[in-house]
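We have chain A; now place chain B onto it with these hints.
Protein sequences, first through last, are from chains A and B. Mapped onto the UniProt record's numbering, the consecutive letters of the first sequence carry residue numbers 1 to 774. Mapped onto the UniProt record's numbering, the consecutive letters of the second sequence carry residue numbers 1 to 532.
Hint data in this document are derived by calculation from the structure and do not stem from the laboratory. Hints are supplied without guarantee of correctness; some may be wrong.
Heads up, simulated EDC-like pairs for lysine to aspartate or glutamate below, C-alpha to C-alpha not over 16 Å straight-line [unchecked claim]:
#1 K282(A) to E140(B)
#2 K162(B) to D364(B)
#3 K486(B) to E470(B)
#4 K195(B) to E470(B)
#5 K382(A) to E182(A)
#6 K491(B) to E140(B)
#7 K282(A) to E109(B)
#8 K486(B) to D518(B)
#9 K477(A) to E505(B)
#10 K283(A) to D98(B)
#11 K491(B) to D518(B)
#12 K176(B) to D379(B)
#13 K506(A) to E500(B)
#14 K506(A) to E505(B)
#15 K284(A) to D115(B)
#16 K284(A) to D98(B)
#17 K284(A) to E109(B)
#18 K283(A) to E109(B)
#19 K284(A) to E500(B)
#20 K272(A) to D229(A)
So you can see what is in the structure, the chains are spelled out below.
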Amino acid sequence: SKTKDSVTLSWSSGRYQVRVWHFPFRLEVLCDQEVIVTFNSKDKLWFESLQNKPSYLSTLFLFFPGPSSLGADFCLHGFQHVYGLPQHADRLRLRDTSDGEPYRLYNLDVFAADLYCRLGLYGSVPLIVGHKPDRTVGVFWLNASDTFINIQYSPSDPQGGETPPVKKRRLRPQTDVHWLSESGVIDCMILLGPAPQQLFKQYAQLTGYQAMPPLFSLGYHQCRWNYNDEADVKAVDAGFDRHKIPYDVIWLDIEHTDGKRYFTWDPALFPKPAALQQHLEKKKRKMIVISDPHIKVDPDWPLYREARDGGHFVKDREGQIFQGTCWPGESSYLDFSCPETRAWYSRCYSFDKYKGSTPSLFVWNDMNEPSVFNGPEQTMPKDAVHHGGWEHRELHNLYGFYQHMATADGLTSRSGGSERPFVLTRSFFAGSQRLGAIWTGDNVATWEYLKISLPMVLTLNLTGIAFCGADVGGFVKDPDPELLVRWYQAGALLPFFRGHSANDTKRREPWLFGEEVTAAIRTAIHANMALWIIFTGIRFIICANLHKNVKHSLSCRPLWVEFPEEESAFTEDNQYMIGEALLACPVTEQGAQTVKVLLPGSDEIWYDISSAKAYKGGKSLSLPVNLDTFASILVFRRGTFLPVLLLNVQASADGELYLDDGHSFEYRDKKAFSLRRFSMASGRLLCRSASEEGRFDCDNVVQSVSIMGVKSKPTTVNVHVPGEDDPEMSTFNSYRKKFECFKGRFVSFTAHRIIIHDETKQITMSKPNKVPLF
Amino acid sequence: MVMFGHFVLLVLIGGAMSAEVQRPRGVPLSKRQFYEEDKPFTCLDGSRTIPFDRVNDDYCDCLDGSDEPGTAACPNGNFHCTNAGFRPGFIPSSRVNDGICDCCDTTDEYNSGVDCQNTCRELGRKEKEELQKMAEIAKEGFMFKKQLIHEAKQGLEDKKSKLGDVQNSKKDLEAKVEALRTVKETAEQPEKEAKERHLKAWEEQKAVIRMEKDKARMADVFLELDDDDDGFVSFTELQSHSELDPDSDASFTEAEAQGLLGGVDKVDTVAFETVWNNIKEKYASESTADVPPPGETTQEETRDPSSDNDSENYPDEDIPEEDDDEDMDEDDEDMDEGDYKPPSTSQTDDKKDDDEEGTMPPYDQETQTLIDAAQKARDEFNEAEKALREVEDQIRNLEKEISFDFGPSSEFAYLYSQCYELTTGEYVYRLCPFNKVSQKPKFGGSETNLGTWGKWAGPEDNIYSVMKYEHGTGCWQGPNRSTTVKLTCGKETVVTSTSEPSRCEYLMEFTSPAICQDPSSSDSGHPDHEEL
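Next comes chain A alone, as it looks inside the complex (with noise of 0.2 Å):
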C-alpha cells in the first residue's frame, strides 16, 4: 500500500509489513503491527562518494579511489540484550558504547589482549543477534573493511544510568546500534527469526553451515611451541599411551620448517617426516603442522620463485612485491583474494608437491589477519594491492577467510575429493565455519583468560562458528596445576579441545604434575571423548544440512537460546547449554569448594550427572567440587536423550544419534550416514530411522540403555526387533539369546524396538545387552 509519505509491503498475510518513508527517510520492518527494526532511525545513514568519479560503481575496479567511508544505524525496538560481533576478549552481552570506545571489527594480531577491551582482534563476522523474550532479531552487515559499531541501550543500562526510574518506565526499551565502516558498500540484512533457532538458520542460509569435521578432529589436541623433534614427538606420544590417556593429534608450530619456509621441513630435527607420520598413523593418531601465509623471501627456494613468478603476492601502491617482516625475516604475503592464487596455494598441499607430508598430515594456518611485523597496527598497511587492483583496505577482513578456504581446498584436492579436511585457523569472518576450525589465539595462563574463553566461544557459536575454543592451559605464562585441570575441564566441553603453551613456558603435559593432575587430566578427556566424539556428531549432522528436518542447532549455546523467556540467564558468561540437553557450568574460580549453578525453566526437571540427583529448575544451587569431579556441574534436562549416555526420560523423551564412517565425503556424496531417532513414550522406547536417505554400514550395537525419572521400577524389559516373532513373549533374557545368534547381521537399518514396562520397582532397566542398533 501507498501513502503520501510511505509505501508499505507486506508479506504472511500482511503480519509482516515493510515501511519505507520517503522523507526523511526511513525503512521499518513491522511485525503485527508492531515495529521491530527501524534503519536509519537516527538519520546516521551516509557514504562519502568517491573523488574524480562519474559514477559509483565505475569507480569500483579503479585503483586508490579516495575516501569511500560509510555508515548507517539501525534501532532495535524493545531490545535490551544484544550479542555477537566477535572477536573481542568481552563478555556475551555486548556493552554500551557510549561512553568509550565503538566495537572495532579490524583483524589484528594482538599478542595476549587485554581483556574486556573493544578493539579488534583477530578475526570479524559483522552479525549483531538482539533477544527479548519474544523475539530475537539479527543485523549482518556484510563489509570487510576497517568496520565500528556503536551501541546505545535506552534506557541506558541500570548500572551507569542515570535517569529517574520513572521516567524510565515510561520509554519503550530499545537499542541503538551505529555502523561504520572505512569502504564498501551499504549491504545488510536483517534477520527476523522470531525464534533463537530460526534466526541461527537464517543465517546459515546467508553464509553456510558448519562443516563437517572427520571425526578424529572432535578429540583431545597436543600441542606446543615447539616439539623439538622428532623424537620428542616420539616421546610425548607415548607418554599418552603410558600414561593412559587418550589423544589423537599432535601438532607442530614454526620450528619443524626448514627457517620458516612453510611446506618444508628441518632436515636436522625432522630428517623423516612421513616416517613419523606413519609411526602416529599405526595409533590412528593424526599430525598437524603450521602453514602461515608469509613466505620467505629467498629467490633459492623454488616455492617463494613460483609464487613471485606467478603474481601470487600482494602488492604495494608502486606495484612492487610488498614485503614486511614476520617470523621468517623479510616475507611475501600470499594473495589469497586472488582465484588462481588459491588455486596454486591448493596444489601446494597435493602429496607429490608437499614433500614429507602423508594422508594424515593436516594443517594449521595461523598469523592470517595478516601478521605483518612492521605493518600499521601489526599488519598489511591498507593501501597494499590485491588482485583486481582491490586496495587492502577493501578486504582486510577477508584475508584470513580466503587463505582458510585455499588450505581446506588444498587438503580435499589432494584425497581427490574423498576425504575430509580439517585445517584451523586464527583469522576469520562469516562463512568461515564452512571451512573448519577456529581458536581464539593467543592467551594467557591466568584464571581471568579461562573466564573469559566461555563467552567468547559462545558469542563464535552465536555467529555460526560453531567448532571453536580456546587454547587449554593458556598459551603464554605457566599455569599452575589446579587452574592447569580447570581449564582441561572447561576445555573438554568445548567443541575444539586443544593444550597449547608457548616456546618460553615450561613442559605441561598432562602427567608433569603428579598423579592427582594426571588422573584429574585423564577424567576431562576421557568425559571429552564421551560428549564430543559421539555428541558433536550428532551436532555437526545439522551443519552439514543433511536432514532437512532437524531444528538448526549450535554446538554451544547460551543459557537463553533455550530459555529464551528467562531474562536471568541473558547474561550468564559462565554457563551454557550443550546441545539442547546437557547443561554445563564448568569451575572457573582457583580454590573454588563449590559452584554456584542456574537451572533455568521453573517447570523444568535437572539430573547431576554424575549422582543422578534430580532438582527442580528454576532456581540457583550450590554444588560442591573437588578437583577431581567437574561432572558435578553438568546436568542434564528432563525430556531429553542423550544416546550413548544417558537416557533421561519421564513421560516423554528423544534425541538423536548420526554416525558416518568418521572422515570421508561419502555422507554427503553417497548417503553414508545413518540417522536414529531414540524416542520414548508410554514405556516404549523407539529406535528408529530419522532419515529415509542414510544407508550407513557399521556394527554399532546399543550398550546400555540408563533411565531417570523412572517412578515405578520395570520387571520385565522386552526387547522386539522387526521379523522376529511374537514380540510380545521374547522377555529379555531370552532376547540375549537371540541377539547372539544374530550378531553381526544387524548392520541394515530396519528398526528395533525395546518395550519397557516399568510396573515394579527396579531403578534402572536390567539388562538390555548390545541391542544391534542398526
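For chain B alone, kept in the frame of chain A given last:
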C-alpha cells in the same frame, strides 16, 4: 567331507590352545583361580556375583570391570596380553578390538578385522639382545666402578693426609706472617714521618708560589678594572663586571658595588687587596671572559675514576657471564652513562695548576732509604700473607672435597674437577661435574652458564641417578637456566645427549661406570616372568 575337514581343523586349534593354560580371554595367569568355568563369578572387588556365562559377554556387570577382561565393555577394565616370546602386559580395555594392534601377540584384535602381525618373538629377541648388551656393559662398568671406589678411597686418604700436612704448614705460615707484620710496622713508622715532613715542606713551598701568583693576578686585575687608569678602582668600574653581583639577581646596583669596595666609592691598590679577596672567586677576566670559572666539579672528577674501578671489580667475581641479550643491554647502559657525564671543563684547569705549581720534588736520600726499607718489609709481609691465603684456600678446597657427597662409596669422586664435552650442530656443551654446565656456540660467541652444581636429585630410592645444576644465566623474561643431568651405566664417562625440553631447562644424558649396579645382585630387570 567338508564338514569333517572343519571338524579336524577345530580339534587342531583346540590342541594348540591346550598348550596354554585355559582361562577366559584377557585374564592373567595370576588371576586364573578367580575365573572358574561353570561356577558363578564374583567381581574381584566383591561387589556382585553373576553367572559365569556373563564373563566376557561384552556387557559390563562389575564396577571394577573384572567380568570383562577380554572385551572393551568396561570403561575401567584391563586386558592381559600373554605376549609369548616377549613380556606380558596389560592394556586398557578400550584398546581391545579398536583396530589398532597393541599387543605384540595380536590377541587384543581378535574381532576387529585388522590384520596384526605377531611381533613378540622379534621384540623378545631384540630385547634379549639389548639386555645382554646392557648386562655386559653393566658387568664391565661395575668392574670399573669397583676400581673407582678403590681409587676414591685411596684418593680420600691421600687428601686427608695432605690436609694434615697443609694444616701444619699453615701454622708455620701464620707465625711467619705475624713476625713479618711486626717488622713491617716497625719500618713503616719512620717512613711515614719522613714522608709527612717532605710533603709538608712541599705544601709550604706551594703556598708561597700560589700567594705570589695571586698577588700578580690581583695587580693585573686592578689594572684591568681601572678603566680610566686613575690608580683607583671605582664602583662604576666594578659594576661593568656583572658576575660579581653578590646576590646574582641580574641587577648589579651601585650600593652592591660599593658594598664590595668596603663602603667607599673607590679604592687604591692597597685597599684593593681586601676587595680582591672577596671577589676573586667570581671574577672573570675580561680577556678570557669565555672561560667559565673553575666549577665545583673538580672534586667529583677526581673521585669518579676510583669509584668506576670499584664497580668494575664486582662483575667478574659475582655475576656470571650474561647471554647475548644482556650483553647488549649492558653496552647500552655504558653508552648512556657516557652520554650523561657532565662535560668535563675542569681538566684543563687541573693541568694548568700542575703546570704552574710544578710536581713534588723527589724525596731526599734519607727519606728514600726509609721508604725502600719499609717497602721491602711490606713486600715480604704481603708475600707471606699471600702464601697463607693460598694455604687456607687449599685447606678449604680439601675439606670441601673430603666432605663432598660423591655417592655411597665415593664412586663419583673421580668426576671432581673434570669436564666433559659434547658438540652438537650449533653448540659445544660442557659438563664439569659438581661445578657447572655451560654452552658455547661452535662458531664463536660467549659461553652461557647453564647452571652451577645444586644437588643430587634422583628419586628417593636412587638419588644418585640425577644431578641438578641451578641458577645459570638468566633467560630473557624467563627463569635462570638450569640443567638436569641423568646418569646411566656405561663403560665410559661420556655426555651422550643434550636437549632443552622447556625453554632454559636443559636435559643432559651422561654415562658413567660409577652408576652401574652389581649385575649379580639383581638378575634381570623383569618382575614379570615370561610365559612360553
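Each hint, compared with the structure:
no., hint, verdict
1, K282(A) to E140(B), "39 Å, violated"
2, K162(B) to D364(B), "51 Å, violated"
3, K486(B) to E470(B), "14 Å, holds"
4, K195(B) to E470(B), "53 Å, violated"
5, K382(A) to E182(A), "10 Å, holds"
6, K491(B) to E140(B), "6 Å, holds"
7, K282(A) to E109(B), "14 Å, holds"
8, K486(B) to D518(B), "19 Å, violated"
9, K477(A) to E505(B), "15 Å, holds"
10, K283(A) to D98(B), "10 Å, holds"
11, K491(B) to D518(B), "13 Å, holds"
12, K176(B) to D379(B), "13 Å, holds"
13, K506(A) to E500(B), "10 Å, holds"
14, K506(A) to E505(B), "8 Å, holds"
15, K284(A) to D115(B), "15 Å, holds"
16, K284(A) to D98(B), "10 Å, holds"
17, K284(A) to E109(B), "15 Å, holds"
18, K283(A) to E109(B), "13 Å, holds"
19, K284(A) to E500(B), "28 Å, violated"
20, K272(A) to D229(A), "10 Å, holds"
In terms of the numbered hints stated before, the structure departs from hints 1, 2, 4, 8 and 19, listed from lowest to highest.
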